[in-house]
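Based on these hints, arrange chains W and S on the given structure of chain Z.
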Amino acid sequence: MKTEEQDIQRSAFVRPDSMTDVVTHYCPGCTHGVIHRLVAEAIDDLGLRERTVGVAPVGCSVLAYNYFNCDFLEAPHGRAPALGTGFKRLRPDMIVFTYQGDGDLASIGMGEIIHAANRGEKFTAIFVNNAIYGMTGGQMAPTTLPMQITTTCPTGRDMNETGHPIKISELLSTLTTPSYIERVSVHSPQHILKAKKAIRQAFQNQVDDKCFSLIEVLSTCPTNWGITPTEATSWVEDQMFKFFPLGCFKRPDDGKVK
Amino acid sequence: MNQYEVTFAGFGGQGIMTAGQLLAYAGIAEGKFVAWIPSYGPEMRGGTAYCTVVVSDTRIGSPIVTNPRGICVFNRPSFDKFEPRVKANGLFIVNSSLIDVTTSRKDINEILVPANEIALMEQNVKATNLAILGAFIGATDVVDFETMKNTITQKLGKRKELLKSNLAVFDRGYELAQKHAGQKEKA
Amino acid sequence: MAKVLMKGNEAIAEAALRAGANNYFCYPITPQTEVAEYMAKRMPEVGGVFLQGESEVAVGNMIFGAAATGKRVFTTSSSPGISLMQESISYMAGAQLPCVIVNIMRGGPGLGGILPAQSDYFQAVKGGGHGDYRLLVLAPSTVQEAVDLMILSFDLADKYRNPVMMIGDGMIGQMMEAVEFPDKDADPKPPDESWAATGAKDRKPRIIKSLFLDPVKLEENSWLLHEKYERMKKEEVRFELYKVKPENEFMIVSYGTMARICQTAIDELEEEGVSIGLFRPISLFPFPSTQILEEATKENVKALLTVEMSTAQMMEDVVMAVVGNRPVEFYGRCGGIVPTPEEVKEKILEMQKTYSK
Chain Z
379 MKTEEQDIQR SAFVRPDSMT DVVTHYCPGC THGVIHRLVA EAIDDLGLRE RTVGVAPVGC
439 SVLAYNYFNC DFLEAPHGRA PALGTGFKRL RPDMIVFTYQ GDGDLASIGM GEIIHAANRG
499 EKFTAIFVNN AIYGMTGGQM APTTLPMQIT TTCPTGRDMN ETGHPIKISE LLSTLTTPSY
559 IERVSVHSPQ HILKAKKAIR QAFQNQVDDK CFSLIEVLST CPTNWGITPT EATSWVEDQM
619 FKFFPLGCFK RPDDGKVK
Chain W
1011 MNQYEVTFAG FGGQGIMTAG QLLAYAGIAE GKFVAWIPSY GPEMRGGTAY CTVVVSDTRI
1071 GSPIVTNPRG ICVFNRPSFD KFEPRVKANG LFIVNSSLID VTTSRKDINE ILVPANEIAL
1131 MEQNVKATNL AILGAFIGAT DVVDFETMKN TITQKLGKRK ELLKSNLAVF DRGYELAQKH
1191 AGQKEKA
Chain S
200 MAKVLMKGNE AIAEAALRAG ANNYFCYPIT PQTEVAEYMA KRMPEVGGVF LQGESEVAVG
260 NMIFGAAATG KRVFTTSSSP GISLMQESIS YMAGAQLPCV IVNIMRGGPG LGGILPAQSD
320 YFQAVKGGGH GDYRLLVLAP STVQEAVDLM ILSFDLADKY RNPVMMIGDG MIGQMMEAVE
380 FPDKDADPKP PDESWAATGA KDRKPRIIKS LFLDPVKLEE NSWLLHEKYE RMKKEEVRFE
440 LYKVKPENEF MIVSYGTMAR ICQTAIDELE EEGVSIGLFR PISLFPFPST QILEEATKEN
500 VKALLTVEMS TAQMMEDVVM AVVGNRPVEF YGRCGGIVPT PEEVKEKILE MQKTYSK
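Residue numbers (my numbering), protein chains in the order written: chain Z, 379 to 636; chain W, 1011 to 1197; chain S, 200 to 556.
Next comes chain Z alone, as it looks inside the complex (with noise of 0.2 Å):
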């Protein structure tokens, strides 16, 4: 018989179900792997694994289909959000999910997620920003802060020259149509535990056949910002949360922009 200590012990430990028994191609103190075991738990906890089709993106997370253990498709760069379309209108009863990063779903792919964001497509989308483009070695992306330093901008982000950063959730919250648009962060335990919580929601809300969603997580990139794991999830809170300010922003019921 199991006690309730071992079963502690299972949540914490075991594997979920929608991953695979793989080690993963990311680098060390990234939290894309956080962030797959947060959807992984998710489609578990709802018993969504065999009705689950995940879109994955271009970026550093274009092999998530390697790790996820349901069916999956790979779009071109910033165009997940389309599949998803195509996909989810023929099989509304299947769950759609895409994986994207800023560079895929806030440069590339913008159009693409407004539109489905507007138009009320009901899968989930799980935005991942980090503030750089990470897979092809640490350029500027549309999120990076005023004054980061990229590899295409050697001596910071000039705002003059490119603007600031895109707040995606809050832009998204401003469209009339229903939605579920959340910003979470995944740099400590406490943060995780709340991220989990909102990506459930997400999924929850296309098991309702409700409203679009979206969950925007701020994530680290060690390797491209040029400093320690542990100095990055500093740095998510000490200079990311100035831009990107945690919280709600909409939900399907009040409509209400924050």
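Any given hint could be a false lead.
[Unchecked claim] Distance condition first, Cα-Cα at most 25 Å in a straight line; then the derived SDA-like pairs of lysine to any residue:
1. S:400 - Z:578
2. Z:574 - Z:540
3. S:544 - W:1099
[Said to hold, decoys possible] Covered stretches of chain Z, going by a simulated chain S footprint (3 or more residues, C-beta under 8 Å):
4. 424 to 433
5. 447 to 458
6. 463 to 476
[Stated by the list, open to error] Taking beta-carbon pairs under 7 Å as the criterion, some of the chain S residues facing chain Z (in silico):
7. 222
8. 227
9. 228
10. 253
11. 359
12. 360
13. 396
14. 405
Bear in mind the hints are in silico, worked out from the structure with no lab data behind them. Cβ atoms here follow ideal geometry from the backbone N, Cα and C, with glycine treated the same way.
Below, chains W and S without anything else, positioned relative to chain Z:
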């Protein structure tokens, strides 16, 4: 008749496209091959809208006809544009209600049809296209008179109150062309 | 079913429904917008999916997502819009997804014009997107043939799990002709469960992708696709001969509406005592190269003439087909100007003079 090509030309709202389509439908009813080709795009917005209908006993080759055997013009810009294009010995039907010139070509058969007046006589201002279509059938017999009337009844029969005047306008156009043919023969 | 008079664009839309393709995504562009308008009305009647996307880029990728369900799906557009869809077309070819794309061509390059043209031949046949891939490309010359080929396109897309493109010039879309359809709407075709993303229940997860970072795997995939294209070359060549006779000295090669115009020129020349044949490719990929070579090398044939509404694109395939055995001449107009039968006749008479010397 092996193949007949006719162009209807005028401005938007004169029922140009409908006239052509009615002829095409009548052609199908007689088991003939038909093609209806519109002008499209910005040129539809003003000036001259036109369509060409090809009715043939055999498979239709080119749907594009530079010099059709018949041309029906509904307004002055169409007269100017299409008069030179009528095939030699072809038919040129002119809406004389809106066009105050006549052709100087000696090698074509011109019929003047006061289409707007004819339509007004039947209190059906929108039926100018049927006056012209009537004249066209009267002058050519591309399709049978009865086939054409059945087609009009079928396609425009939804509004019963208008159908009667539509057919009357068509008849008047038809008779005018027949009379014209009779006079030509006498002359 | 009785014959009905229908605009090419609407007939194409209706044909798709008859093929059981109840899923359509679109973006408006002249001269094919009637397909979208027709579908907007018809799709609710058959309980299908109709969606106007925000761009052709998005629409192409909606088709990608939709095709992954294994259900029949299609889109229609015109030249500049088709350019924007090349991204998704390349990905779908790589991921082996079936779908049908219709290009009602207008004059280019760039924004070009809106009148009929055949200037997207290279784009369709040689692969407008990146990578080692081919589309099955079909070109109708009448509205009835557009209906028949549209229905065939879905079968071919399923057979090869490859995008199929039907190309017609603006005239095919805008022209009305009498058409006959199969008796009733086909029931929506059940999705092919053998490869589609249907949920990983009692099986391993399926990944629909074109990404192969391992060069060995990518090469494998490319050769696998190549085998498919070779099979198409064996099984899917389609063409029509018109008045091709042993005594002919010249043969015209022309496709789509242009071929009909050539037919008229041929008929008129016949009346004047000149005998010319027409070779009309219906499948542009696979191209009927062997068959063209066979006809071209018959004893009396002195030369070939390709006639196109472009500046000699298909001609390159004709030249390759005859591998230097016969000269290939060209006549064409472009930008929305359609060659007349008179122009084609004149060109043939000119060739007669040249080659009888």
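Going through the hints against the structure:
| no. | hint | in the structure |
| --- | --- | --- |
| 1 | S:400 - Z:578 | holds, 21 Å |
| 2 | Z:574 - Z:540 | violated, 34 Å |
| 3 | S:544 - W:1099 | holds, 22 Å |
| 4 | 424 to 433 | holds (count 6) |
| 5 | 447 to 458 | holds (count 9) |
| 6 | 463 to 476 | holds (count 8) |
| 7 | 222 | holds, 6 Å |
| 8 | 227 | violated, 15 Å |
| 9 | 228 | violated, 17 Å |
| 10 | 253 | holds, 4 Å |
| 11 | 359 | violated, 20 Å |
| 12 | 360 | violated, 15 Å |
| 13 | 396 | holds, 4 Å |
| 14 | 405 | holds, 5 Å |
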